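Chemist: Based on the sequences and whatever the hints tell you, model everything.
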Amino acid sequence: MKNWKKAVALVASAAALVSVAACGSGSSSSSDSGKKTVGFVAVGPEGGFRTANENDIKSAFKSAGFDLIYSPTQNNDQQKQIQAFNKFVNDEVDAIILSSTEDSGWDESLKKAAEAEIPVFTVDRNVDVKDSEAKKAIVSHIGPSNEWAGEQAAEFVNKNFPDGANGFILEGPAGLSVVKDRGAGWDAKVAKNVKVLESQSANWSTDEAKTVTAGLLDKYKSQNPQFIFAQNDEMGLGAAQAVDAAGLKGKVKIITIDGTKNALQALVDGDLSYVIEYNPIFGKETAQAVKDYLGGKDVKSDIQIESKTFDATSAKEALDSNSRAY
Amino acid sequence: MADKKQEEKTNVFKKLLSSNITVEVIALILLILLCTVFDHAFLALSWNDNTGGLAGPIITMLQESARYLMIATGMTLVISTAGIDLSVGSVMAVAGAAAMQALTGGMNVWAAILLALVIGLAVGCINGALVAFLGLQPFITTLIMMLAGRGLAKVITSGENTDATSVAGSEPLKWMANGFILGIPANFVIAVVIVILVGLLCRKTAMGMFIEAVGINPEASRMTGIKPKQILFLVYAISGFLAAIAGLFATASVMRVDVVKTGQDLEMYAILAVVIGGTSLLGGKFSLAGSAVGAVIIAMIRKTIITLGIDSAATPAFFAVVVIVICVMQAPKVRNLSAELKRKRALKSSEKAVAA
Chain A
64 MKNWKKAVAL VASAAALVSV AACGSGSSSS SDSGKKTVGF VAVGPEGGFR
114 TANENDIKSA FKSAGFDLIY SPTQNNDQQK QIQAFNKFVN DEVDAIILSS
164 TEDSGWDESL KKAAEAEIPV FTVDRNVDVK DSEAKKAIVS HIGPSNEWAG
214 EQAAEFVNKN FPDGANGFIL EGPAGLSVVK DRGAGWDAKV AKNVKVLESQ
264 SANWSTDEAK TVTAGLLDKY KSQNPQFIFA QNDEMGLGAA QAVDAAGLKG
314 KVKIITIDGT KNALQALVDG DLSYVIEYNP IFGKETAQAV KDYLGGKDVK
364 SDIQIESKTF DATSAKEALD SNSRAY
Chain B
5 MADKKQEEKT NVFKKLLSSN ITVEVIALIL LILLCTVFDH AFLALSWNDN
55 TGGLAGPIIT MLQESARYLM IATGMTLVIS TAGIDLSVGS VMAVAGAAAM
105 QALTGGMNVW AAILLALVIG LAVGCINGAL VAFLGLQPFI TTLIMMLAGR
155 GLAKVITSGE NTDATSVAGS EPLKWMANGF ILGIPANFVI AVVIVILVGL
205 LCRKTAMGMF IEAVGINPEA SRMTGIKPKQ ILFLVYAISG FLAAIAGLFA
255 TASVMRVDVV KTGQDLEMYA ILAVVIGGTS LLGGKFSLAG SAVGAVIIAM
305 IRKTIITLGI DSAATPAFFA VVVIVICVMQ APKVRNLSAE LKRKRALKSS
355 EKAVAA
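Residue numbers (the numbering used here), protein chains in the order written: chain A, 64 to 389; chain B, 5 to 360.
Honestly, the hints are just simulated from the structure, not real lab data.
Keep in mind it's a predicted model, so treat the numbers as computed, not measured.
Beta carbons are placed, not taken as given, at the ideal position from N, Cα and C, and that holds for glycine.
Careful, some of the hints might be misleading.
[Stated by the list, open to error] Below, simulated DSS-like cross-link-like pairs (lysine-lysine); rule was C-alpha separation at most 25 Å, straight line:
1) K208/B to K231/B
2) K143/A to K158/B
3) K337/B to K289/B
4) K265/B to K143/A
5) K324/A to K265/B
6) K178/B to K312/A
7) K314/A to K347/A
8) K284/A to K316/A
9) K265/B to K243/A
10) K316/A to K252/A
11) K198/A to K363/A
12) K347/A to K125/A
13) K356/B to K346/B
14) K198/A to K360/A
15) K178/B to K324/A
16) K233/B to K289/B
17) K178/B to K314/A
18) K121/A to K158/B
19) K360/A to K99/A
20) K324/A to K121/A
21) K348/B to K337/B
22) K371/A to K121/A
23) K143/A to K222/A
24) K363/A to K121/A
25) K360/A to K98/A
26) K324/A to K348/B
27) K150/A to K316/A
[Stated by the list, open to error] Derived, one-sided and incomplete: chain B residues facing chain A with beta-carbon distance under 8 Å:
28) D43
29) N165
30) N182
31) G203
32) A254
33) V258
34) D262
35) T311
Modeler: What follows is the structure in structure tokens.
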């Protein structure tokens with residue numbers, strides 16, 4: 064009977080796609096009950112991490128006594144985000160939370176926010192602002208650090224292969240700030256005797272990572288690759304399957320970043336060796352920062368959210384306790 | 005007698021030279037040579053007890069080419085009716101999502117495969133009905149299906165990347181993508197068999213001729229008694245069905261659907277394979293064998309990128325350059341270049357003779 068539901072959902076989705084254009088309306092409530100209004104320019108449901116992150120922010124602001132207006136975009140469309148942002152400025156909300164899809168292109172909007180004296184808090188992805196007027200609008204950035212995650216991966220390899228090792232890096236699509244930061248973290252900490260034979264992009268995709276890894280394992284068979292650093296879980300899971308097919312399971316250590324349930328399960332099963340979390344749960348910290356700032360207190364300009372690292376035992380504990388939101 | 009034989013030989017040789025497939029095969033061999041120069045073990049094959057089949061760079065390349073073979077075959081038929089099917093990549097995602105979701109929902113593996121194929125066929129039929137019976141433009145119709153399909157895949161999995169790795173009893177599907185038949189990748193064998201079946205359907209019956217007739221002039225073909233609407237409907241339906249098979253190959257290889265990435269950009273690869281294969285985008289004559297070799301070339305280019313270790317930022321450019329070079333090699337002007345030179349030389353020598 065589940066299938067019937069699915070069929071209905073299919074039809075509904077087709078209808079929804081047609082009527083997508085008619086979204087994004089609904090006038091926002093001004094602060095009538097003395098509650099502070101906060102606008103949240105969001106990315107929208109995009110998969111495990113994003114959904115957990117945005118739901119957490121929504122519930123945290125609700126419990127902190129704010130009136131949060133949630134405005135997601137579709138398909139990573141920055142234009143929609145800019146429109147939502149400008150609308151919040153025109154409505155004179157008390158603060159804006161910005162989870163941007165792109166790191167550039169925000170100067171004009173931020174300038175308007177600065178003129179209207181609306182504080183902006185960037186979450187998760189940082190924005191790159193050139194204009195000094197626009198910079199004033201941003202009070203603080205809140206989120207986990209991609210560089211830190213890359214550093215952890217390098218340190219794991221350093222620790223496990225004190226005598227040096229060969230391996231590969233699977234990157235995300237070229238040009239993204241996440242890719243650059245995770246790579247920079249790795250470069251900063253990796254020991255001299257650890258040799259990266261090749262870095263290839265597998266576009267965050269499991270399927271592509273499998274193909275790429277199979278190719279790399281063939282190419283560098285003679286150099287005995289011992290580790291693979293996949294910049295996200297999806298690619299790590301694909302790499303694990305290629306390693307398994309080549310009969311090297313357990314001989315090649317695979318390190319991934321993100322910490323989704325599937326990756327933790329793979330860690331318990333021995334397919335992966337180390338998972339570095341990119342913690343999406345920081346609604347409380349964000350709400351606190353906004354509250355402090357509006358209450359006249361000083362707020363740090365960069366609030367780094369702590370993430371965990373997992374090996375097989377701690378992954379099992381985390382899965383058994385069922386405490387993971389994603 | 006000897007002269008005649010010689011003449012026949014040169015004729016065969018000329019025919020071979022002028023064939024598109026020859027150029028394609030040469031391009032494929034050149035790519036393989038390039039890889040072998042960079043990696044001397046590129047052609048090496050070994051037996052992998054773990055998977056029960058041959059292993060080596062060429063084998064993984066063939067494994068990847070299976071999905072391109074499927075969508076390129078469907079695309080060839082569609083393009084030869086002067087249409088285009090941009091939705092194949094999305095259909096792959098939808099079919100893969102349906103299969104993975106059904107498996108995690110506890111459905112029998114064969115039922116899940118069937119479900120995926122039926123969904124692919126259904127999407128193809130919708131495309132076909134809109135193009136053939138309502139007369140919508142193929143480009144717009146399938147473009148909309150390409151956008152809607154991604155959304156559909158997301159709805160099926162509720163936006164997650166469904167993982168069916170640990171579902172028990174899914175071995176047949178896993179084998180389809182990762183298994184081996186007599187040491188050769190099963191998905192490649194399946195794909196080749198399907199291409200041959202489609203080829204027989206087209207060439208042993210009048211189907212192929214009907215398709216070409218519709219592509220050249222639908223009105224004229226109608227007057228000769230062909231039913232262009234039915235033919236159009238059929239080619240889009242076949243394309244959707246084959247795309248569903250490609251979707252199963254792509255998702256079953258990792259037993260995981262990635263609603264955003266599965267089949268992404270593959271409609272372009274399919275079109276490239278068809279064009280490299282010598283089928284004109286304007287419709288008419290088509291070559292399934294050409295498209296099939298084109299599909300293998302696409303997989304080979306991707307393999308070359310990994311083997312050569314081309315920087316990830318430069319891979320799209322590399323891909324484009326190789327495709328353009330192959331297209332230039334096939335251009336009639338370039339292909340006739342040697343004949344042209346010979347003719348000129350002959351002309352010159354005869355002129356000299358006259359002058360003397």
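Chemist: Does D262/B hold up as a contact with chain A if the rule is Cβ-Cβ below 8 Å?
Modeler: Interface hint status for D262/B: holds (5 Å vs cutoff 8 Å).
Chemist: Has the given pair, K360/A with K98/A, been kept, meaning a C-alpha gap of at most 25 Å?
Modeler: holds, 18 Å
Chemist: Take the C-alpha atoms of K316/A and K252/A, compute the straight-line distance between them, and say whether it is at most 25 Å.
Modeler: It holds: about 18 Å lies between the C-alpha atoms, which stays within 25 Å.
Chemist: Please work out if K314/A and K347/A have their alpha carbons no farther apart than 25 Å.
Modeler: Violated, at roughly 41 Å.
Chemist: Less than 8 Å between beta-carbons is the criterion; does N165/B satisfy it with respect to chain A?
Modeler: holds, 7 Å
Chemist: Below or equal to 25 Å on CA atoms is what counts here, so check K363/A against K121/A.
Modeler: holds, 22 Å
Chemist: Compare the distance between the alpha carbons of K178/B and K324/A with 25 Å, and conclude whether the hinted pair is satisfied.
Modeler: holds, 22 Å
Chemist: Once the shortest beta carbon distance from A254/B to chain A is found, is it less than 8 Å?
Modeler: Holds - the Cβ of A254/B comes within 8 Å of chain A, reaching about 6 Å at its closest.
Chemist: Next pair to validate is K324/A with K121/A; report whether the Cα-Cα distance is within 25 Å.
Modeler: Judged against 25 Å, a Cα distance of about 22 Å means the pair holds.
Chemist: Is the straight-line distance between the alpha-carbon of K371/A and that of K121/A 25 Å or less?
Modeler: Distance of about 23 Å is within 25 Å: holds.
Chemist: Would you check whether D43/B satisfies its interface hint, that is, whether its CB is within less than 8 Å of any CB in chain A?
Modeler: holds, 5 Å
Chemist: Under the criterion of a CB-CB separation shorter than 8 Å, is V258/B in contact with chain A as hinted?
Modeler: Holds: closest Cβ of chain A sits about 5 Å from V258/B, inside 8 Å.
Violated hints for the displayed structure, listed by number in ascending order: 7, 23, 26, 27, 31.
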